[in-house]
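Taken in order, these protein sequences are the chains called A and B.
Residues in the first sequence are numbered from 1 upward in steps of one, following our numbering.
Residues in the second sequence are numbered from 1 upward in steps of one, following our numbering.
Honestly, the hints are just simulated from the structure, not real lab data.
Here the structure is a predicted model, which is why all the values come from computation and not from measurement.
Fair warning: there could be bad hints in the mix.
[Said to hold, decoys possible] Restricting the straight-line Cα-Cα distance to at most 25 Å, the calculated cross-link-like pairs of lysine-lysine (DSS-like) are: (1) K29(A) / K183(A); (2) K77(A) / K245(B); (3) K111(A) / K86(B); (4) K86(B) / K134(A).
[Claimed, not checked] Covered stretches of chain B, going by a simulated chain A footprint (3 or more residues, C-beta under 8 Å): (5) 11–25; (6) 92–100.
All residues carry an ideal CB built from backbone N, CA and C; glycine is no exception.
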Amino acid sequence: MDKIIEVQNLSKHFGEFEAVGGISFDVKKGEIFSLLGPNGAGKTTTIKMLTTLIEPSSGLIHIGGINLAENKIAIRKQFGIVFQDSSLDEDLTAQENMFFHAVLYGLNRSKRQTNIETLLKFFGLWERRNDLVKHFSGGMKKRLEIARALSHEPPLLFLDEPTSGLDPQNRSRLWEYLKDLNKKMNMTIFLTTHSMEEVEKVSERIVIIDHGKISAEGTPESIKAGTKSDTLEEAFLALTGRDIREDAPALTDQMRKGRLLWSGGKKK
Amino acid sequence: MNAIWALWLRQIKRYLRSRSRLIGSLGQPLLFLLALGFGFGPIFKKAGGGNYIQFLTPGVVAMGVLFTAIFSGIEIIWDRQFGFLKETLVAPVSRIYIMLGRTLGGATVAVIQGILVLTIATLVGFKWSSPLGIFPALCFMFLIAVLFTALGTGIASILEDMQGFQIIMNFLVMPIFFFSGSLFPLSGLPPFLGVLSAFNPLTYGVEGLRLSLLGGSLLRMGIDILVLFSFSSALLLIGSWLFEKIQI
Numbered sequence: 001m002d003k004i005i006e007v008q009n010l011s012k013h014f015g016e017f018e019a020v021g022g023i024s025f026d027v028k029k030g031e032i033f034s035l036l037g038p039n040g041a042g043k044t045t046t047i048k049m050l051t052t053l054i055e056p057s058s059g060l061i062h063i064g065g066i067n068l069a070e071n072k073i074a075i076r077k078q079f080g081i082v083f084q085d086s087s088l089d090e091d092l093t094a095q096e097n098m099f100f101h102a103v104l105y106g107l108n109r110s111k112r113q114t115n116i117e118t119l120l121k122f123f124g125l126w127e128r129r130n131d132l133v134k135h136f137s138g139g140m141k142k143r144l145e146i147a148r149a150l151s152h153e154p155p156l157l158f159l160d161e162p163t164s165g166l167d168p169q170n171r172s173r174l175w176e177y178l179k180d181l182n183k184k185m186n187m188t189i190f191l192t193t194h195s196m197e198e199v200e201k202v203s204e205r206i207v208i209i210d211h212g213k214i215s216a217e218g219t220p221e222s223i224k225a226g227t228k229s230d231t232l233e234e235a236f237l238a239l240t241g242r243d244i245r246e247d248a249p250a251l252t253d254q255m256r257k258g259r260l261l262w263s264g265g266k267k268k
Numbered sequence: 001m002n003a004i005w006a007l008w009l010r011q012i013k014r015y016l017r018s019r020s021r022l023i024g025s026l027g028q029p030l031l032f033l034l035a036l037g038f039g040f041g042p043i044f045k046k047a048g049g050g051n052y053i054q055f056l057t058p059g060v061v062a063m064g065v066l067f068t069a070i071f072s073g074i075e076i077i078w079d080r081q082f083g084f085l086k087e088t089l090v091a092p093v094s095r096i097y098i099m100l101g102r103t104l105g106g107a108t109v110a111v112i113q114g115i116l117v118l119t120i121a122t123l124v125g126f127k128w129s130s131p132l133g134i135f136p137a138l139c140f141m142f143l144i145a146v147l148f149t150a151l152g153t154g155i156a157s158i159l160e161d162m163q164g165f166q167i168i169m170n171f172l173v174m175p176i177f178f179f180s181g182s183l184f185p186l187s188g189l190p191p192f193l194g195v196l197s198a199f200n201p202l203t204y205g206v207e208g209l210r211l212s213l214l215g216g217s218l219l220r221m222g223i224d225i226l227v228l229f230s231f232s233s234a235l236l237l238i239g240s241w242l243f244e245k246i247q248i
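Using the sequences and the hints given, assemble the complete structure.
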């Protein structure tokens, strides 16, 4: 199988702090891939580097054969992303959010209309298309984000903790949709989550990172076998330890220290 | 090109939908116009300055444009907090276009706000020297608007949240407003404050608006346009550069 993402020796430093320390992995075309790790392990930093939101300190990223350092715009066309926190404009309607996205991604008028209609219907939002997003429930917002991320038909979809804060009904509905898309369109899904159950159910391959380094890689079965665990949750704990992490410095704090952001002299 | 249009449209839609913002940002210039205009009017006249409403109107129009423009630029902080900024930053569009679309949208909103202030001033007694003055006046409003939206965008690119915003208002926006000749003639200022106002781009905007609405030297107007245009271009460049560097 072809590789859609190739990561070689990727690292990111914020001053002294090493958030990601030289990791390498591949994601194959059409697979559901999970990047796992405790809080502060470097997952978010890695996703942000892969999606061109922050610059790597060193290392190489190729997506769809394109070097990220050389052509960010071409890379951005390759993927859709659903962020952990909402990235919708709540003062716009569902349809307007879809419309702006489609224009930004350069879809022509007829493509725009068909894709928006198909996806809003698929995710059960068509009847509410003219409502402002701020009146939507959490589950509806999430579905809209996923619909929007899919509207430019990307071969690759990043999902950063897509089901956190959703009830079991919404969660299982969402995964039905996603597995369906993965099968029918051969869409690659790059997932991060804390729900090991979910990973075991959907994921074909896993990379576990901790302290910015890869600590295990393989299929759910091979990782369980390697740690002699019955469940992935136990394997995860065996690999990353049972200690609760000191609230690892979040990315924003690191950026603040690195003077990329100014907080107005406020003490945190 | 489509991206610029889309982001422009977004700013306009948000503005039209938010009545509180529309009315809220009209409040301050109107307060200045009515309270100061009628309150200080007699004193201004006694001191030989003529009709104060005539003097003040171009100033409060500039104020309306200035405040709305800075706020439009600063809106990026909200977009950062509510997440929409990420959506635009991962889009396959050069960030310069994103910055330009936002700036033009914010500037359009600011010009509309300026027109509203001017309309109300006319209703309470401002007299135009010539109706043709609207054309140069619109041109000045637009230049002021672009200049300060770009400034706001640049500031918001490096500001994390609204905490730092009060400092910006008190140490940047208010001084820009007070030392621009919008409320009082600058001739009375001591030399060091005079120098400050000479480096204040709004000074040229207020003067340009005053010349447009009350009549006066075309040469001065040309110089004002030139100065504002240079300032706006420089701030657009700096703003784009800062926006380009945003990492979240």
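Here is how each hint holds up against the structure:
1. Of the pairs offered as hints, the one joining K29(A) and K183(A) holds, with about 12 Å between alpha carbons and a cut-off of 25 Å not exceeded.
2. For the hint linking K77(A) to K245(B), the alpha-carbon distance of about 20 Å falls within 25 Å, and the restraint holds.
3. A distance of roughly 24 Å separates the Cα atoms of K111(A) and K86(B); the hinted pair therefore holds under the 25 Å criterion.
4. Between K86(B) and K134(A) the alpha-carbon distance is near 18 Å, which keeps this suggested pair within the 25 Å criterion.
5. With 4 residues having a beta carbon nearer than 8 Å to a beta carbon of chain A, the region 11–25 of chain B meets the requirement of three or more and the stated coverage holds.
6. Counting residues of the region 92–100 of chain B whose C-beta sits closer than 8 Å to any C-beta of chain A gives 3, which meets the bar of three, so the coverage hint holds.
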